[in-house]
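Novice: Each chain, written out:
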Amino acid sequence: EDKVVQSPLSLVVHEGDTVTLNCSYEVTNFRSLLWYKQEKKAPTFLFMLTSSGIEKKSGRLSSILDKKELSSILNITATQTGDSAIYLCAGLAGANSKLTFGKGITLSVRP
Amino acid sequence: DAGVIQSPRHEVTEMGQEVTLRCKPISGHNSLFWYRQTMMRGLELLIYFNNNVPIDDSGMPEDRFSAKMPNASFSTLKIQPSEPRDSAVYFCASSQTGVDGYTFGSGTRLTVV
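Listed in order, the protein sequences are those of chains F and S.
The opening residue of the first sequence carries number 1 in this note's numbering; numbering runs sequentially from there.
The opening residue of the second sequence carries number 1 in this note's numbering; numbering runs sequentially from there.
Simulated from the structure, these hints should not be mistaken for laboratory data.
You may find that some hints are simply not true.
For the chain S half of the interface with chain F, some residues (derived, Cβ under 10 Å), not all of them [claimed, not checked]:
(1) PRO8
(2) HIS10
(3) THR13
(4) MET40
(5) GLU44
(6) PHE65
(7) PHE74
(8) SER87
(9) PHE91
(10) PHE104
Computed spacing ranges between beta-carbons, pair by pair [to be verified]:
(11) F:THR20 to S:SER66: 25 to 33 Å
(12) F:GLU55 to S:MET39: 29 to 37 Å
(13) S:LYS68 to F:THR28: 23 to 31 Å
(14) S:ARG85 to F:LYS40: 20 to 28 Å
(15) S:ASP57 to F:PRO111: 41 to 49 Å
(16) F:GLY82 to S:ASN71: 45 to 53 Å
(17) S:GLN17 to F:GLY59: 44 to 52 Å
(18) S:GLU18 to F:ASN75: 25 to 33 Å
Even for Gly, the Cβ is constructed at its ideal location relative to N, Cα and C.
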């Protein structure tokens, strides 16, 4: 059975801090690792990582995949209160586009 | 593009009643997924369809749950009879084969009392 584990489960930081969110995966026929941000409603797509060692950046967010360690990290620099959300990572398997999600990391950014 | 549309947004029902959740995927997307999200278990895949055909329903918790996709633009998830432990947010998502990354609907928050 495919499995995705995220850590820590929750995190409280102050505005301006840098955070690193961890994700490890065991996915048969692994194809890609995806990160989503979930606020009050549906998860919204952040990154998709397919190649190991290539960092993807979007503003203050960046992410990288390590296929040897079966893991990924999501970094957020200079955090803002608007970054408060649940961050989900998911492993994409094979040709069927099936995503297995981790339980998510709840990030709270205090002013 | 209106995105993935789910209805209703909220549903409160009594134990034993039938519940039907609806989803309209993005036009042109040929894969559709039903997920359930709870605090305890996170996002769990219930079932997914490819070209309207159910591919994997191993996540459907029990026979009380059933899903259909009669055409490319509509799917339903039915729970009959509903139980309090079915209370959760149910998400529908769609994607296009060969294009990674789902688009999620806004979800249906189901409460069974």
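Novice: Could you work out which of the previously given hints the structure breaks and list their numbers from low to high?
Specialist: Of the numbered hints given earlier, those the structure breaks are 1, 2, 3, 6, 7, 8, 11, 16, 18, listed in rising order.
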